[in-house]
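Asks: These protein sequence lines map, in sequence, to chains Y and X.
With our numbering applied, the first sequence covers 1 to 539.
With our numbering applied, the second sequence covers 1 to 539.
Some clues are possibly wrong.
Same chains, same label: a pair holds when it works inside one copy or across any pair of copies.
What the hints assert, rightly or not - Lysine-lysine pairs mimicking DSSO-like chemistry, simulated, CA-CA at most 30 Å apart:
| no. | residue 1 | residue 2 |
| --- | --- | --- |
| 1 | K365 | K53 |
| 2 | K164 | K70 |
| 3 | K53 | K359 |
| 4 | K318 | K153 |
| 5 | K478 | K53 |
| 6 | K153 | K325 |
| 7 | K402 | K465 |
| 8 | K365 | K30 |
| 9 | K62 | K255 |
| 10 | K62 | K135 |
| 11 | K359 | K135 |
| 12 | K153 | K420 |
| 13 | K420 | K478 |
If you're looking for bench data, these hints aren't it; they were derived computationally from the structure.
What follows is each chain in one-letter form.
2 protein chains.
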Amino acid sequence: MANFVKIFDTTLRDGTQGEGISLSVEDKMKIARKLDSLGVHYIEGGWPGSNNKDIEFFTRVKELGLKHAKVTAFGSTRRKDTLPENDINLNRILEVGVPVATIFGKSWDFHVHQAIQTTLEENLSMIYDSVHYLKNKGLEIIYDAEHFFDGYKNNADYALQTIKKAEEAGADWIVLCDTNGGSLPHEISEIVSVVKRSVSIPVGIHAHNDCELGVANSLAAVMAGATQVQGTINGFGERCGNANLCSIIPNLQLKLNYSCISEEQLQSLSNVARYVSEIANMHLPVNQAFVGAAAFAHKGGIHVSAILRNPSTYEHIKPELVGNKQRVLVSELAGQSNLVFKAQELGLDFDHNNEQSRKLIEQIKEMEHQGYQFEGADASLELLIRDAYGKQEELFTLESFKIIVAKNAGQPVVTEAIVKLNVNGESVYNAAEGNGPVNALDNALRKCLLQYYPVLQDMHLSDYKVRVLDEKDKTAAKVRVLIESTDFQNTWSTVGVSANIIEASGDALIDSLRYALIGKTRSAVQAEEQKERIGLVNH
Amino acid sequence: MANFVKIFDTTLRDGTQGEGISLSVEDKMKIARKLDSLGVHYIEGGWPGSNNKDIEFFTRVKELGLKHAKVTAFGSTRRKDTLPENDINLNRILEVGVPVATIFGKSWDFHVHQAIQTTLEENLSMIYDSVHYLKNKGLEIIYDAEHFFDGYKNNADYALQTIKKAEEAGADWIVLCDTNGGSLPHEISEIVSVVKRSVSIPVGIHAHNDCELGVANSLAAVMAGATQVQGTINGFGERCGNANLCSIIPNLQLKLNYSCISEEQLQSLSNVARYVSEIANMHLPVNQAFVGAAAFAHKGGIHVSAILRNPSTYEHIKPELVGNKQRVLVSELAGQSNLVFKAQELGLDFDHNNEQSRKLIEQIKEMEHQGYQFEGADASLELLIRDAYGKQEELFTLESFKIIVAKNAGQPVVTEAIVKLNVNGESVYNAAEGNGPVNALDNALRKCLLQYYPVLQDMHLSDYKVRVLDEKDKTAAKVRVLIESTDFQNTWSTVGVSANIIEASGDALIDSLRYALIGKTRSAVQAEEQKERIGLVNH
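Isolated chain Y (complex conformation) (with noise of 0.2 Å):
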């Protein structure tokens, strides 16, 4: 039997503090029911005391009738020479009525004196009395130690003592918080150790990213016998974020042989990174360990073709085991086994010798050789591959477009599309303002096609990037055009090249409009089924 370690997910409270992230009690509720369906053991929903759309959260997120996690609310420790009973903070906590209460207090007399300024007494008693309030109440415990290590370092004495205090008036765990991200593993290591010695109650750990160690200082605290890990969904959180849950648990689990979630949980990791990230409205980076969409990508020609011989020649686990998937890039640098995987993905039978793969063969080098690159944009290759096979059933054709940008000095710029396609027989024509060209042009391809496939609705570009293939030729090099588009099941990006900037962009949204409705009239069904799984349709 594999040793069991604790996941408290901070994704809801800790996590909102990174740039950019900002979550409604709606967003939190559908975040709160996916980690629970992950199988943590402890969601942070907020902080009452400081927050009240925090409060509203608490009292919805009971609806949810979560199965395995507990719901935790955070706060500090009372405030200096006052009484536990009178701390608006501490009865907040109580008011909003979790099982389990999360407090922070100092362990590093250098905060004490100069962030809270009081006496290093005082900030022992403000531990206890907290902690032996909220523990009287029935409550489960678990005291945060914040900047534990740095005040290790700086008085260790004092740091421990903060924590015995908490043991004393009966907190149920003591969690090591290396709160600014500063220390090594190594020195994680060895404090854990004495701390595994000086304290009776289960330890945890609660680490940062400032030095890019978030990862490396929890699994070295739990190898030092810390048995919770504190992080968030995709690392989440202020400054370089929190530790990244997202690699903590299949590190602990498929190379340390530590037990946090099911097999099936663990599987369903990619998709709830995704997931989170698209409520947070964050990208995720394709090269994020473990969940991203290049985590197991190929690109190199020679790991290619030991790839197709025996995957784990250049794979460190296989992707199945946290939901993601082998993807092999095409590109200049690669052979043509690239392209005999991607074919294969798609249960097409590839041969090299026929006439249709010799002649794919030869656009796709051709188009390579004109800018395309499609390494990073999968959904134009797998619509290439699927017309030169004859696969691909055409939905819609570009008639003519035309765009029109104005400017007048002092006032605003107008930008307007005309857009005419032939759907399914019928001309379509059509036209729509937007901020620059190409959200002009894409809300008039969208006004053209939704009256077809309202299914489009789901669909929204998550990414957009242009690169300047050839600086020699000044304006008029030509340019890359890259759309990532995203639904609430898939990623795909597609790609245009042209001189003109505004040809190329129109035909990666095109590619991508096509894409979509491949997936869509597929799988209409099973889209519903899904978007009804994340809770995503009102009954």
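With chain Y fixed as given, assemble chain X onto it according to the hints.
Replies: Frame of chain Y, contents of chain X only:
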């Protein structure tokens, strides 16, 4: 005296395996120059045996006269059952004329069988022969032991034989590669210690980030005795990237007291990270450790008030040590000192306290908040300063422009621009075609201006870059356009920001033309002399 660790940068080779990264020879030259000024010890420029673009780089990099860094070329051991003298891959390394060769070979018995399909004995000979051949030609040899950690875990004895063979053949370094990024810090530490006892030449580490442990693994190796670290700027690289030098260097130097580069060079780290990501057209995550724009940004209310009392309450290092800055206290502009310096350069007496200067600083802060960045756009900054001080003659103003982009299926796209300018009080109205909207606008502007300022004929655009600023807003996001222009004397850069790419480009184009005219009215004679000197005038 601190222990010394050599930094081996492979941004230009392994970094280009990252999804979406593609560097022209010109890009590689710019990055090489920047890496040299950062003080890295080795720059791996490419794989001459696999790529003609890389050969051109090795030829041209000699023009740069790099000061610190040795340039190295990458290649595999000779193919099985051949002589090294007949191996194109090895001979290419000799032909490109580098002082250092980085040769990789197999350490994992499984890979010998599966990937290169030969015997364990032949693999040992391939290593010996390749290292010996190049060493005899006078090169410094870095032997990269691919998949060393997996190899060691599977068959320690054989893995050690492979590196001993490289040592015996004359290798100067053994670099242990965790090629698939699957190892953990405690394993790295243990295995590096064994290797240190088994060979007598220096040992290095090459880690990947598949477990989000690339930095931790590199540090663990150094603490176990490695004295070379291979990695890339911003952790660019295949799948989840290579180990990130932008985190490894400050951790080694500021936390562990190793010495890699000078203090001044370390202070340029954030600038290098941003420069390289600009050139590679990759988004630098705001939360990137040490160098990201949010790495020292404070959002939480309690943090901010503590920070105001004493920054070290919530900052693990002084941001200035890595050339970054705290975000709550300082303006967005990298120190007003830049502005003072720039104004002095223009012969203006810049007084912080006068009304003009305060207004200008406010204006620049506001523009930076909107997404302007003047670090790469000196000419636009100079125009702002000149305008604020009334030192800029208004030679022309834009009255209006209109761009029309029209596309009919099966026909080439047509782009026209119509421009109305006021030049010295006269209204000038003209139109032009172009390859794309920006080119058409550039052509129309010139048509209006050339009759008044024929000297503009000498100037042309030398670079055009587009950056999407806020991915969340999809195609309605703001874009920043950077334009680099050149005449025969100078190169200058201008910037424009708008939700509309055409407007942003137009602003940058107009700044570029305005800047060109300051120079020209000031030094038309000098320009003529210059043209004569470089042979552009026919006699």
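Asks: For each hint, tell me whether it holds in the structure or not.
Replies: Going down the list of hints, with the structure as the test:
1. K365 <-> K53: between (42 Å within a copy, 17 Å between copies)
2. K164 <-> K70: Intra 25 Å, inter 55 Å, cutoff 30 Å: intra-copy only.
3. K53 <-> K359: Cα proximity of K53 and K359: across copies only (26 Å, versus 49 Å in one copy).
4. K318 <-> K153: For K318 and K153, the Cα distance is within 30 Å only across copies (18 Å; inside one copy 40 Å).
5. K478 <-> K53: between (34 Å within a copy, 19 Å between copies)
6. K153 <-> K325: between (43 Å within a copy, 25 Å between copies)
7. K402 <-> K465: Both: 22 Å inside a copy, 24 Å across copies.
8. K365 <-> K30: both (29 Å within a copy, 28 Å between copies)
9. K62 <-> K255: Close neither inside one copy (35 Å) nor across copies (45 Å); limit 30 Å.
10. K62 <-> K135: within (21 Å within a copy, 71 Å between copies)
11. K359 <-> K135: Neither: 63 Å inside a copy, 46 Å across copies.
12. K153 <-> K420: neither (69 Å within a copy, 62 Å between copies)
13. K420 <-> K478: Both. Shortest intra-copy (25 Å) and inter-copy (27 Å) distances satisfy the 30 Å Cα cut-off.
Violated hints, listed in ascending order, are 9, 11, 12; each of the other numbered hints is respected by the structure.
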